[in-house]
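Chains as they are written, first to last, in our numbering: chain A, -8 to 418; chain B, 858 to 1064.
A hint or two may mislead.
Unchecked claim - If you want a taste of the chain A side facing chain B, the calculated C-beta under 8 Å gives, among others: (1) P197; (2) A314; (3) N315; (4) T332; (5) R337.
Everything labelled a hint here was simulated from the structure, so no lab data went into it.
Remember, predicted model here, so these are calculated numbers, not experimental data.
By construction, the Cβ of each residue, glycine as well, lies at the ideal position given by its N, Cα and C atoms.
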Amino acid sequence: MADVVATHETIVVVGGGISGMTAAVEAAETGKNVILLERTPSLGGRVNQLYKYFPKLCHPTCGMEINLRRLRANKRIKVLTLAEVSKVEGRAGDYKISVTLHPRYVNDHCTACGACGAAVSAEIPNPFNYGMSRMKAAYLPSLMAYPQRYVIDPSILGTPDAEKAKEACKYGAVDLDMKAEELTLSAGAVVWATGWRPYDAGKIQPYGYDRFDNVITSVEFERLSDPRGPTGGRIVRPSDGKEAKNVAFIQCAGSRDRNHLKHCSRICCMASLKQTTYMRERFGDEAQSTVYYIDIRAIDRFEDFYQKVQADSTVRFVKSKVANITEDEVTGDVILHGVDTEGYHRYDNRHDLCVLAVGMEPSVDVRTIADVAVDASGFIEMGATDGGLFGAGCATNALDVNRSVQSATASVLRAVQVVNRVAKAEG
Amino acid sequence: MGDINTAMTEQYRNDFLKEVEANVEEGQWVKMCMQCGVCSGSCPLGPAWEHPPQEIFMMIRAGRRDEVLKSESMWMCTSCYNCIVRCPRELPITHIMHGLANYAHRLGLAPKMNPTRRFAKMFWKNLTKSGRVNEIQLSVGLYFMDGFKTGVARAWAMKDIGLGMLKTGRLNPLGFVNHKGCKDKNGIHKMLKKAREIEDRRKGFAA
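Throw the hints in and build the complete structure from the sequences for me.
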């Protein structure tokens, strides 16, 4: 990767999700040189894995397309995928960033024709669908993947499958001899936008995510609802493929809980309210959504969205944190047990499917990589120091798409100030 | 006892929460409850409670002093600790329930015939007498708590277990009379008396 030129006036953006992409284009559009690093084979991040995002219920493809257009049109942005940052050292104006470039085994001759995928027979779990489906070991990460290039999974190296993929490629794009590369990048400022990951629902023992097929997470429900998802958009139960018309949503699954995540993950209430609209979209009046909540926190100015959902006769709200879930072994139904707070009525409610609105936690422990202050949950604190590393998006807090983009733009403004100072000093 | 009740009612007029915070073991946690209900749902005896813990906390904050202190509810707690383990705010719910029961008992408001209260008293008397529990006296006391006839029926129902314990040397009928207390019985009594004095002073109970 000799063509990566980085100077003290470069801004390195770590993470290619909605926050990182925004940061990169915003910085480049002010005339700064940007290197955008993404650990996975494609930009887009978790927003790209949603069916729709609130409040306007847009499809993420739309926002992706706009951002990719801005990104491609700007010569000041260099995108490196499969790039993992292991160390950030230095200070404002003079950072050294150690990066490992993992091999894709496919070079830039790739036209995404799909011949290698057709030739290969080995299958691996598809991370884009949170492992709910399997895909060929030579794959395009998603339809909106950027770069639009296939990836060969390292698990088939040395097997006949790898050779088949190589033979199938008419363009000589499959390069099985690719090796990992170590890079050290210079930068004046760093924007850290590594985002979030869903809290491990298996740790919430009473809800049985690890034991019951029909207890799933909210991010998995997004994939179920998406026509591009593992079921082609059919909302069905994992246990038997039966349509899930009676769905329970459990709020604060892991969040606001000193045994799990101490913070409020902020987006989950709106996410579940949004998902009740998927139910109505699929099943009309036959849909039955029940939201179990401590209190609904429709963040920002989204109270009207909450009111709209409340007015929907297919949606019921139960003010109660569910105590535990059991499974009817014969039917596969899930039974939610608890006591509600409006009258203290004990309930044992049967549902086809239960969706845990899991909380957000930082996707990486940034302290192992860079010298930066984090809060009790591991999110980057907006420091009062004169450093040049700035958190953006969900690396700094549990944020929705709108606020992530705001946060990214705000961080870029600080990063731009740092490199401007450097430029002035260097004359 | 009635006098303490009057004094406390005067002192904490219309602020039962403050009264609980000052006098009930772990009472300062009550205000931290966010009414999620996971304690009530997790209680294995939950359906038997008139007011589950979450409701008790709300009643305390609503100042429903008499209803709380005269309630049988907190006497239902068997200390399984499910609620403490699951409480998202780590409230020591089990301890608060015992604290409330104990406070109600000290004020003379606890339901007189509540079986848990009666057994707790019996256990305390048995234990403190010699510094060591006389198990056979305690069991017999428990069986015959509600009269001779029910006592015989209860003992009869347990006869197989009793005989089994006898055979394996886990039960000594002579222990009923020939009970070995602890070495320094008087020392224990002194300690308990002192502890009681300290508690009374700390909580402002008249001696």
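So, going through the hints one by one against the coordinates:
no.: 1; hint: P197; verdict: holds, 7 Å
no.: 2; hint: A314; verdict: holds, 3 Å
no.: 3; hint: N315; verdict: holds, 7 Å
no.: 4; hint: T332; verdict: holds, 5 Å
no.: 5; hint: R337; verdict: holds, 6 Å
Figure legend: structure checked against the earlier numbered hints; every hint is met.
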